[in-house]
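Produce the complete structure using the sequences and hints provided.
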Amino acid sequence: MSQGFADLQDLYQEVILDHGRHPRNFGRLAPPARHSRGDNPMCGDRVEVWLCLDDEGRISECAFEGRGCMISIASASLMTEVVRGKSVREARALSDSFRRLARTGTCPVCGEVHEEDLDRLRPLSGVSGYPSRVKCATLAWHALEAAIAGEPSAKIG
Amino acid sequence: MSQAAAAAVAPAFDVLAIRREFPILAETVRGRPLIYLDSAASAQKPRAVIEAMVQAMERQYANVHRGLHWMSERTTEAFETARDAVARLLNAPSRDEVVFTKNATEAINLVAHAFGRGVMDPAKAVLISAMEHHANIVPWQMLRDDRGVDLRVCPITDEGELDWEAFEQHLAGGRVGLVAITHMSNVLGTVTPAERIARAAHAAGALVLFDGSQAAVHRRVDVQEIGADFYVFTGHKLYGPTGIGVLWARSALLERMPPFLGGGDMISSVSFERSSWARIPHKFEAGTPPILEAIGLAAAIAWVERIGFEAIEAHERALTDHALARLSNVAGVRIFGRAQDRGGVVSFMLDRAHAHDVATLLDRQGIAVRAGHHCAEPLMRVLGVESTARASFAVYTTRAEIDALAEALERVRRFFS
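Heads up: the sequence lines are chains X and G, in that order.
Once you know that position 142 of the first sequence is 141 in numbering that gives the first Met the number 0, the rest is easy, because the numbers rise by one and skip nothing.
Once you know that position 344 of the second sequence is 343 in numbering that gives the first Met the number 0, the rest is easy, because the numbers rise by one and skip nothing.
One side only, chain X facing chain G, incomplete, derived with CB under 8 Å:
| hint | residue |
| --- | --- |
| 1 | 10 |
| 2 | 41 |
| 3 | 42 |
| 4 | 43 |
| 5 | 44 |
| 6 | 66 |
| 7 | 67 |
| 8 | 68 |
| 9 | 69 |
| 10 | 129 |
| 11 | 132 |
| 12 | 135 |
Estimated spans, in silico, between C-beta atoms of each pair:
| hint | chain 1 | residue 1 | chain 2 | residue 2 | range |
| --- | --- | --- | --- | --- | --- |
| 13 | X | 13 | G | 147 | 55 to 63 Å |
| 14 | G | 307 | X | 95 | 55 to 63 Å |
| 15 | X | 52 | G | 260 | 51 to 59 Å |
| 16 | G | 25 | X | 88 | 51 to 59 Å |
| 17 | G | 350 | X | 87 | 38 to 46 Å |
| 18 | G | 328 | X | 20 | 20 to 28 Å |
| 19 | X | 26 | G | 328 | 34 to 42 Å |
| 20 | G | 350 | X | 27 | 24 to 32 Å |
| 21 | G | 330 | X | 9 | 21 to 29 Å |
Simulated from the structure, these hints should not be mistaken for lab results.
Virtual Cβ for every residue (Gly too), placed ideally from N, Cα, C.
Below, the structure written as structure tokens:
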């Protein structure tokens, strides 16, 4: 048995360990910020997301609070950074691409749109090799989409 | 045969020989030998069970209780023999008290419907404990919401044992109609004092249901000695197949209870105007039953009886002691549950690492543990955690596997530090 976890670098890359241990934008935003919550019924993990839209309908601020594994916290933390400045439509498209990246490990549209953002998120694509962990990575994104849609909670299947 | 004579002829407990009877244990995971420490979720199957089910499909299969032909008669015989095996396993006074269900969850739902809605006085309360599986919480909540029955929860102590003082206080008012409680916690490993619980409940005018999903795997259960009124367990944790569970209940209760599901096999006659019910236990077995699963369960029971519960219990006790000692020595490991009487499940956390991360890192080393709330979310809240990792042991678990777990946890800790 190997002594280290060299083979785990695909899942726990340095950026994930960093954001998992030191999440960015951790906290709440005051009303009228939109707010939603994602629960993962499998493990009891929960992520709450807040976001503010500016006059042009762009996300001016995004924050989260939650409890969860390294993957779910890191994903939420990275998300709050990359969605800032995005229009609602762009954020949804990015979320869509990311969820596909997490599920399949590949992203057909990468290189065409949000290239820089998806490059930042790519370390999370390691979860595609662990089907039971995909929901950890996508939990915050489901909550983000629900918050955009004005729904109080995201339905995670 | 006397116990001494049985001991004299019983083969010595040889865990490596037992392991060879489980084909799956020869598999590798991620290039490493499988270390399966998740038997409390579902146990692996010995060749005897696999072959019994294959044989039934290849040699003597038809529907039961209906065909007037050779295949149906043989299959009916094999299916009904499984009922005898369960009655023997539980030392039930009568084979007619053994009802086959889909799993333990369905067995509890059957009681919640047929007894809870059909027999129990709605002015009485149901008393559960704080360490129940969702299967022994949700059906009673549904009964409460449906009939206004009071649902009470008896707390547990810091050690993870039933808070006996609180338990007696709940019973004292004479308001409790049914105590529904685990015989062994799937999270804490705590084995509850079943006989004492039944005595106290009966003295207070209450009946008792035991969820034996975990307990029936690890020790001999005697429903008469316990004084149980209802006892449920599931096949797949007892080295048998999925899709079959058991409700045992005293015949006087089963006779009074209305049916749970309606359909074929549970009737004595049907017209468009009305139907009359079959005798027990068939009254509670609507539709084609889990035939192959019952045959597999019978093989599993025979297999467990061949190994012997004394040997199984001694082996698992030694493993659990070893695991508690080894894991306590891993810095940062916190173990949940310190009950005096406990079975082979150990729930733990590692520093502040999330259970899912721990489980994934263990999986990468070929070690299967469970991580999450273990279908006991309210208990997680009592323990003040969101989730735990859990290692659980079976008759085929070895000391070396537990050592491997402890060593792997050391590496996980270094990884996250």
